[in-house]
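Enquirer: Sequence:
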Amino acid sequence: MKYYLLAFIFFLSYCPIVSAERFDVVEVNPLSSVGIVKVQASGKNELIVEHNLSSESIFIECFINGFTFSKEHEGSLPQEGEGHIRLYVEDNHVATLFQPAFYIENLQSGTHEIKIMVVNNDRSPYEGLEETLVITIP
Numbered sequence: 001m002k003y004y005l006l007a008f009i010f011f012l013s014y015c016p017i018v019s020a021e022r023f024d025v026v027e028v029n030p031l032s033s034v035g036i037v038k039v040q041a042s043g044k045n046e047l048i049v050e051h052n053l054s055s056e057s058i059f060i061e062c063f064i065n066g067f068t069f070s071k072e073h074e075g076s077l078p079q080e081g082e083g084h085i086r087l088y089v090e091d092n093h094v095a096t097l098f099q100p101a102f103y104i105e106n107l108q109s110g111t112h113e114i115k116i117m118v119v120n121n122d123r124s125p126y127e128g129l130e131e132t133l134v135i136t137i138p
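Once you know that position 114 of the sequence shown is 114 in our numbering, the rest is easy, because the numbers rise by one and skip nothing.
No lab work stands behind these hints: they were computed from the structure.
This structure is a prediction, so every number in the text was calculated from the model and none was measured.
Glycine included, every Cβ here is placed at the ideal spot set by N, Cα and C.
One should not assume that every hint holds.
[Said to hold, decoys possible] Estimated spans, in silico, between C-beta atoms of each pair:
| # | residue 1 | residue 2 | range |
| --- | --- | --- | --- |
| 1 | 128 | 90 | 17 to 25 Å |
| 2 | 50 | 96 | 17 to 25 Å |
| 3 | 105 | 75 | 25 to 33 Å |
Hey, can you work out the whole structure from these sequences and the hints?
Expert: Structure follows, in structure tokens:
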């Protein structure tokens, strides 16, 4: 049990951070992988987004079955099951991510719309792999 706790703490300490203080300046720190388990229950891709809101940041984790993040092939022709995430805050693109988990920091008080879009290598969207969160910062 303590190994799972240590692995979880290690995982959280290496999550990328997206700063949304100003939309024209975004800080993304890469996530060090602690291992990936692929489980595919059906042939259809599915996106599940979980988030945790704290007073200083939002932790977002995306679960995508049958999908591989590929920074090396960004901008190339689409390959099924490969690509990256494009992150939008208030319809403004703030980050391109190659990891399934990340932090967003420095959002101002108020209600914000955060869109997570899973895209092919050429940035064309995967059908049905998009999620929009509406969160309120006190």
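Enquirer: Would you mind marking each hint as holding or not holding in the structure?
Expert: Hint check:
1. At roughly 23 Å, the beta-carbon separation of residue 128 and residue 90 lies within the given 17 to 25 Å, and the hint holds.
2. Distance hint check for residue 50 and residue 96: the Cβ-Cβ separation is about 21 Å, which falls inside the suggested range of 17 to 25 Å.
3. Checked against the hint of 25 to 33 Å, the pair residue 105 and residue 75 passes, with Cβ atoms roughly 28 Å apart.
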